[in-house]
Amino acid sequence: MSNAYKIKLLLVDDEVKFLQSIAKRLELKDFEVTTATTGEAAIACAEKGLFDVAVVDFQMPGMDGAQVLKTLKEKHKYLEILMLTGHATVDSAVECTKLGAFQYLEKPYEFEKLVEVITAAYQERLNKKFEHNQKRMDEIQKLSFGSSPLGLLRALSRLDNEEK
Amino acid sequence: MNGADTNQIKEDLAFFGKINASISHELKNILAIISEAAGLLNDLTEMAATGKDVDPEMLKTCSQDIIDEIQRGFTTIRQMNIFSHSADDPAKEVNPTDCLKLMIGLAGFLSVACQIRFDPPKTDIPMVYTNPFRLQNLIYQTLVFAFKSVGPEGAITVSLHSEKGDAARIHFSGLGSEPLRLFPYERASMVAGSINAEFQIDDNNQTIDIMVPQLEKAMH
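For the record, the sequence lines run as chains F and V.
If you're matching positions, the first sequence starts at 1 in the numbering used here and goes up one per residue.
If you're matching positions, the second sequence starts at 1001 in the numbering used here and goes up one per residue.
Warning: the hint list may mix true and false statements.
Listed next, the in silico DSS-like pairs over lysine-lysine satisfying Cα-Cα at most 27 Å (straight line) [said to hold, decoys possible]:
#1 F:K135 - F:K98
#2 F:K29 - V:K1060
#3 F:K113 - V:K1028
#4 F:K98 - F:K129
#5 V:K1164 - V:K1092
#6 V:K1148 - V:K1018
#7 V:K1122 - V:K1092
#8 V:K1028 - F:K29
#9 F:K113 - F:K29
#10 F:K48 - F:K70
#11 V:K1028 - V:K1060
#12 F:K6 - F:K75
#13 F:K8 - V:K1052
#14 F:K70 - F:K8
#15 F:K48 - F:K6
#16 V:K1052 - F:K29
#17 F:K24 - V:K1028
#18 F:K29 - F:K73
#19 F:K6 - V:K1052
#20 F:K98 - F:K77
#21 V:K1018 - V:K1092
#22 V:K1052 - F:K113
#23 F:K113 - F:K73
#24 V:K1028 - F:K70
#25 F:K113 - F:K24
#26 V:K1101 - V:K1122
#27 F:K70 - F:K135
#28 F:K129 - F:K113
#29 V:K1052 - F:K24
#30 F:K8 - F:K135
#31 F:K98 - F:K113
#32 F:K129 - F:K142
#33 F:K98 - F:K8
#34 F:K24 - V:K1060
#35 F:K98 - V:K1028
#36 V:K1148 - F:K70
Beyond 12 Å from chain F on every Cβ pair, some chain V residues (computed) [claimed, not checked]:
#37 N1081
#38 N1095
#39 M1190
#40 N1204
If you are wondering where the hints come from, they were derived from the structure by calculation, not from laboratory data.
A virtual CB, placed ideally from N, CA and C, is assigned to each residue, including glycine.
Isolated chain V, as found in the complex (with noise of 0.2 Å):
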């Protein structure tokens, strides 16, 4: 294995790892809710075993907080499963879409992210054969660059193309005064090159475009 290899595989390592904090940090919020919406109703139960009065309202606001984040819950473990079985494969066809939206949901929980518009594709995307796992993490990065250019108040737009000759482009913009010319920084593009994706970069319209190559041109 040569210095190349044992970059990629700890790169794919503390991507891995940062995904699962993330998401354990997510669920820790989660169940913080759940035990004090559940608190709250015990709360509430002992006022009215005591006779006193109790607003019918806030027991509902309770229960309706409880299964809402349960819902949350599930959506959450839910992503946390096609991520991590996202490794399972070093290529596969993978629907680009499908990848863009999962990898936009993980990467809202960051407390540094901004509202994210996705907008849907005007025509269909053809799969895309390559590593899922390596352009989830290009993806992620380019999302986390994204977020601090523009701050946790901003918003971003993102989109998805098919391209002659390539696959699929993925269109960041709306991004902010974080100069351009410092992404993609060395891990991302490691990454991108393992699976022959590349960066464009565009410093006057402010937008960044993950260019992902075509089933039979990726590298596996």
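For reference, chain F alone in the conformation it holds in the complex (with noise of 0.2 Å):
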């Protein structure tokens, strides 16, 4: 058996065959899925679990998936989202672009594609996530130099009650 990571997922589309489906074809293809069907359980889920790429219908009852893109991006920064709609226009790219979505497919999509999107979104994580990591030895490299241990804790946690 492979030890290698399974990217984690985070499938959000009222229609529920469809996420089945897709969630089981995703699961063959060694992805850790989970499924929501509502706006409002997509946000609590990805409060509970950590999540690599979320994938999200654009057109759902209630809390739409712009919305649903919005309030995700805000809460986990590193969460790369994909935007799955049935009706693509100009102005609900744009809206979803501006959001910060990665990418926007169109309905019906070939599955290689949504499977190549996925795995290039979470790379994009991976350099995001690298980036910061990055920067943030660096300020911890800046600050230990000449502070003492409290000092330096102290910095530490300005540090990070800055990135909440």
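Two chains, two frames, a set of hints: combine them into the complex.
Below, the structure is given as structure tokens:
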């Protein structure tokens, strides 16, 4: 059995049958999949678990995809989000891009294309986290010069609070 | 052609476009489900070919999903066909029950749609001589207003009654907190006027009625 890391996906769509089929197909491709059928459930899932990529349907009853995208990006800045829509328009594509979506796919799409985009989104997540960690290391190095241990701890705590 | 006629034609076109957009979205969702279920069947077949165990229940679920969605697709296309043909005649005999059921079905595709309970009529409702396309528009606009008043988690009730002096009364109840005085909108009033229909709004009981005139009284 492979010990390779499984990309953690959160799939959000109100069409249950669609969700179940796509979840199963992605599991067969070695993704770790959690599903949610409403925007509110998706946000609650994201609070409980750490996801790498979310795939969100644009049009859902109640809290729609754009609201879910906005809320998830606010609370989980390294979560990459793909938007799926049955009806792509320039306006909705622009809206999603402005809200921070990684990409926007129109249904029905090629499954292999979806897998490719999810993998690219995960890579983007890794790149952003790496950059962040690199900056943090630089900050810590700067702080550590000439600081007492207590002073260093206080500075690190300030750094942590700024990132929240 | 005067300004009022132009506005009415614009409204007719806008309504036709809106419904067709909604139907196309529904059909895309159906095709997406069929596509994923077929894709999963394919994946499972490939797994079986490599000698891995495949759960027969999963195969059954996939094929049943495809069958169910094809039926849902046929129903949607049937509704689209009936709706499209409603624009054929400017006036004809319309079965209000069928008209109402069609619009409940089509309005149900909307993401703002809530649960709709249709109470079947207790007595026979006479046919109405009217413009079926515009009657559908009136019903649709009222349903959309009702959905927004209760939210997608809510529920409304729709019923049909035969009225003395009027052919039919379509009754919407269980409406929510949206002030009913906001309805009907100008567009809905214009469409109602074109077929001599009337809205009756009851703010206290949170109900809306559409009075659809008798065969002889309708304008065409």
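Here's how the hints hold up against the structure:
Distance hint between F:K135 and F:K98 is fulfilled; the C-alpha atoms sit about 25 Å from each other, no more than 27 Å. A hinted pair counts as satisfied when its Cα atoms are at most 27 Å apart, and F:K29 with V:K1060 qualifies at roughly 21 Å. Restraint check for F:K113 and V:K1028: satisfied, since their Cα atoms lie roughly 18 Å apart, inside the 27 Å limit. Using a Cα cut-off of 27 Å, the hinted pair F:K98 and F:K129 holds, with the two alpha carbons roughly 21 Å apart.
With a C-alpha separation of about 21 Å, the suggested pairing of V:K1164 with V:K1092 holds against the 27 Å cut-off. The suggested pairing of V:K1148 with V:K1018 holds, with an alpha-carbon distance near 17 Å, which does not exceed 27 Å. Our distance criterion of 27 Å between C-alpha atoms is met by V:K1122 and V:K1092, whose separation comes to about 24 Å. Annotation: proposed proximity of V:K1028 to F:K29 holds, straight-line Cα distance about 25 Å (limit 27 Å).
With a CA separation close to 13 Å, the supplied pair F:K113 and F:K29 stays within the 27 Å bound. In summary, the hint linking F:K48 to F:K70 is supported, as the alpha carbons are separated by about 18 Å, within the 27 Å threshold. Of the supplied pair hints, the one linking V:K1028 and V:K1060 holds, its CA atoms being roughly 23 Å apart against a limit of 27 Å. Distance check on the hinted pair: F:K6 and F:K75 sit about 23 Å apart at the alpha-carbon level, within 27 Å; holds.
Taking the CA atoms of F:K8 and V:K1052, the gap is about 24 Å. The hint holds against a cut of 27 Å. As the CA atoms of F:K70 and F:K8 are separated by approximately 20 Å, the hinted pair is consistent with the 27 Å bound. Annotation: proposed proximity of F:K48 to F:K6 holds, straight-line Cα distance about 18 Å (limit 27 Å). For the suggested pair V:K1052 and F:K29, the alpha carbons sit about 14 Å apart, so the restraint of at most 27 Å is met.
Between F:K24 and V:K1028 the CA atoms are separated by roughly 21 Å; this keeps the pair inside 27 Å, and the hint holds. Our distance criterion of 27 Å between C-alpha atoms is met by F:K29 and F:K73, whose separation comes to about 26 Å. Distance restraint check for F:K6 and V:K1052: the Cα-Cα separation of roughly 21 Å lies within the 27 Å cut-off, and the hinted pair is therefore satisfied. A distance of roughly 14 Å separates the Cα atoms of F:K98 and F:K77; the hinted pair therefore holds under the 27 Å criterion.
The hinted pair formed by V:K1018 and V:K1092 meets the criterion: a straight-line CA distance of about 23 Å does not exceed 27 Å. Restraint check for V:K1052 and F:K113: satisfied, since their Cα atoms lie roughly 25 Å apart, inside the 27 Å limit. Restraint check for F:K113 and F:K73: satisfied, since their Cα atoms lie roughly 23 Å apart, inside the 27 Å limit. For the hint pairing V:K1028 with F:K70, the CA-to-CA distance comes to about 25 Å; that is within 27 Å, so the pair holds.
Pair hint F:K113 plus F:K24 holds up; C-alpha atoms about 16 Å apart against a cutoff of 27 Å. Between V:K1101 and V:K1122 the alpha-carbon distance is near 16 Å, which keeps this suggested pair within the 27 Å criterion. With a CA separation close to 25 Å, the supplied pair F:K70 and F:K135 stays within the 27 Å bound. For the hint linking F:K129 to F:K113, the alpha-carbon distance of about 24 Å falls within 27 Å, and the restraint holds.
The hinted pair formed by V:K1052 and F:K24 meets the criterion: a straight-line CA distance of about 16 Å does not exceed 27 Å. Using a Cα cut-off of 27 Å, the hinted pair F:K8 and F:K135 holds, with the two alpha carbons roughly 25 Å apart. A C-alpha spacing of about 23 Å is found between F:K98 and F:K113, which places the hinted pair at or below 27 Å, so the restraint holds. The suggested pairing of F:K129 with F:K142 holds, with an alpha-carbon distance near 20 Å, which does not exceed 27 Å.
At most 27 Å may separate the alpha-carbon atoms for a hinted pair to count; F:K98 and F:K8 meet this at roughly 24 Å. Between F:K24 and V:K1060 the CA atoms are separated by roughly 14 Å; this keeps the pair inside 27 Å, and the hint holds. A threshold of 27 Å between alpha carbons decides the hint, and for F:K98 with V:K1028 the separation of about 26 Å falls inside it, so the pair holds. Between V:K1148 and F:K70, the direct Cα distance comes to roughly 22 Å. Compliance with the 27 Å bound is thereby established for this hinted pair.
Even its closest Cβ contact with chain F, about 21 Å, leaves V:N1081 beyond 12 Å, as expected for a residue assigned away from the interface. Once the 12 Å rule is applied to beta carbons, V:N1095 is consistent with being away from chain F; the minimum gap is 30 Å. The claim that V:M1190 is not at the interface with chain F holds, since no C-beta of that chain comes within 12 Å of its own (minimum 27 Å). Every C-beta of chain F lies more than 12 Å from that of V:N1204, the closest at about 29 Å, which supports listing it as non-interface.
Every hint from the earlier list agrees with this structure, and none is contradicted.
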